[in-house]
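J.: Once you have looked at the hints, place chain B on chain A.
Each chain, written out:
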Amino acid sequence: MRFWSEGLGKRDLVMELSEAALDREGEAIVLTGTIHQPAEWAYKVTMERGDWTTVLTTATSAEACTYLSRSVSVARILGMGLWVVKFIVLMSFYRLGSLLGLVDLDRDAEKPTPHVATVKATPHGAVKPTPPGGSAPTTLKAIAGGAVERRNTA
Amino acid sequence: MIVWSKGLGKKSLPMELDRARLSVGDDHLLMDGDIESVCWDYTMKLYPDDLGDFMKLLAHPKTARFMARKGGLLFPFVVRLVMFAPMLVLALFKARVLRTAAAEVKR
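Heads up: the sequence lines are chains A and B, in that order.
Residue numbers for the first sequence follow the working numbering, beginning at 13 and rising by one.
Residue numbers for the second sequence follow the working numbering, beginning at 27 and rising by one.
If we strip away everything but chain A, and leave its shape as in the complex, we get (with noise of 0.2 Å):
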């Protein structure tokens, strides 16, 4: 996919969507990836409901019919097909599923507690297990987010 928008000057951005990772966030499923052209760029795709309903709606219009069948060779528009079928049968079983309360649909969506990983540290820094029964050191807690929280256990 080329993006362009007038913030970029005269580059655009080109996505492989295919290497996209792809993740739920919330009330959005987020695409994530490098872009190789104009550079090796990061990126990051945000899309609601709404945006993949205007994907599917795009799919069947007029104008991708017109573009599928002037560029589109037939293999390649079966082979959609087949995303499109199991996408529909995706959505029927989890649909199914939840309405009769035997899929959980927000399985997927990121909790709101941080990780928290303890690093126990000397007063040099150097970073060793504390000993059983030794004196307490200094513990350093990284937040994620990178906020370190620094506590005198003694």
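By construction, these hints were calculated from the structure, which means they are not laboratory data.
Only a predicted model underlies this, so the values are computations on that prediction, with no experimental measurement involved.
C-beta atoms are modelled at their ideal positions from N, C-alpha and C, and glycine is treated no differently.
Treat the hints with caution; some may be incorrect.
Stated by the list, open to error - Under 7 Å between C-beta atoms, here's a sample of chain B residues computed to sit facing chain A: (1) Leu48; (2) Asp53; (3) Asp67; (4) Met70; (5) Asp76; (6) Asp79; (7) Phe92; (8) Arg106; (9) Phe110.
Stated by the list, open to error - Far from chain A, by Cβ distances over 10 Å, these chain B residues were calculated: (10) Thr126; (11) Ala127; (12) Arg133.
T.: Just chain B now, with coordinates in the frame of chain A:
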């Protein structure tokens, strides 16, 4: 849809895709519109691989599960698809006939 890339610095670009204009280019499908928050035009060119990749992303279990959280999408989409499929077959047939005719005329 919100697009961010390192090339945009701290700015991210929120786009109302449903308001985008859709047109057919020589070898791509073009979506264009304007980003209201910064008054910038934008274009998105979709090539054959991109359409396939979008379908593949849609068929990802995480996307399907996310989309299934609310109703009112599947049935209208299937109806559109049922209307779209014969249109596409006809368009493919027409394109093939025109291509063959053009080749005959060249000969």
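J.: All the hints need checking, so say for each whether the structure fits it.
T.: These are the hints, each one checked on the structure:
Satisfaction of the interface hint for Leu48(B) is found here, the shortest Cβ-Cβ separation to chain A being roughly 5 Å, below the 7 Å cut-off. Residue-level restraint check for Asp53(B) holds (minimum Cβ-Cβ distance to chain A is 6 Å; threshold 7 Å). Taken as an interface hint, Asp67(B) checks out: its beta carbon lies about 5 Å from the nearest beta carbon of chain A, inside 7 Å. Interface restraint check: Met70(B) against chain A, minimum CB-CB distance 5 Å, threshold 7 Å, status holds.
The restraint placing Asp76(B) at the interface with chain A holds, with a minimum CB-CB distance near 5 Å, inside the 7 Å limit. Here the hint on Asp79(B) is kept, as its CB sits about 4 Å from the closest CB of chain A, short of 7 Å. A least Cβ separation of about 6 Å between Phe92(B) and chain A falls short of the 7 Å threshold, and the interface hint therefore holds. For Arg106(B), the interface hint holds, the least distance from its beta-carbon to any beta-carbon of chain A being 4 Å, beneath 7 Å.
Residue-level restraint check for Phe110(B) holds (minimum Cβ-Cβ distance to chain A is 4 Å; threshold 7 Å). At roughly 14 Å, the least C-beta separation between Thr126(B) and chain A is larger than 10 Å, which holds for a residue marked as non-interface. Listed as a non-interface residue, Ala127(B) keeps its Cβ farther than 10 Å from every Cβ of chain A; the least gap is roughly 15 Å. Every C-beta of chain A lies more than 10 Å from that of Arg133(B), the closest at about 22 Å, which supports listing it as non-interface.
In summary, this structure violates none of the numbered hints.
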